[in-house]
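Asker: Sequence:
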Amino acid sequence: MRQTDPNPPITAGAKPVPSSAYIQTELSWVRTKLSTERTFLSWTRTATTLVGFGFTLYQFLPKLAVREVTLEQTRNWALAFISAGIVVKVIGIVQWRAESAFGNEFEIDDIGQDEGLPHWRFSWLFAAFVIITGLFSMAWIASN
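Numbering (the numbering used here), first residue to last: 78 to 221.
Be careful, since some hints might not be right.
[What the hints assert, rightly or not] Here are the computed distance ranges between Cβ atoms for each label pair:
| # | residue 1 | residue 2 | range |
| --- | --- | --- | --- |
| 1 | Lys140 | Val164 | 24 to 32 Å |
| 2 | Val167 | Ala219 | 16 to 24 Å |
| 3 | Pro139 | Leu118 | 31 to 39 Å |
| 4 | Leu141 | Trp106 | 48 to 56 Å |
| 5 | Ala142 | Phe213 | 23 to 31 Å |
| 6 | Glu114 | Phe137 | 32 to 40 Å |
Since the hints were derived computationally from the structure, they do not count as laboratory data. Where a beta carbon is used, it is the ideal one built from N, C-alpha and C, also for glycine.
Make the full structure from the sequences, and use the hints.
Answerer: Okay, structure coming up:
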């Protein structure tokens, strides 16, 4: 239930003013929600880097003419980096879902609501893109 100021300003037809403790609690939940989103994006950046590095490794290491490294070793390292990127992205999704579910257990009134904001997030689209790109890269490298 919403806590209100014990001495609200007297104005005709005005809604009660939330207490400062209530506003601080609401804002802390908003900060937590934003922190969860930032963490999800960090997982996405890490996964993108691993997938990109694996693909780059496969493309350029053989061209450096390093005699100690065979094509099979290069392929194995590339596949390891790409699969690590996919696993990291899946872990990021699982963590984000768990943290979001925890935050959704609490009722957040006016300040914490996202009315008017889009309910789909571009970060989900990009997460799917990273996973699909990783899977296609793995299939292409394994087939060569």
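Asker: Can you name, in rising order, the numbers of the hints this structure does not satisfy?
Answerer: Per hint list: zero violations.
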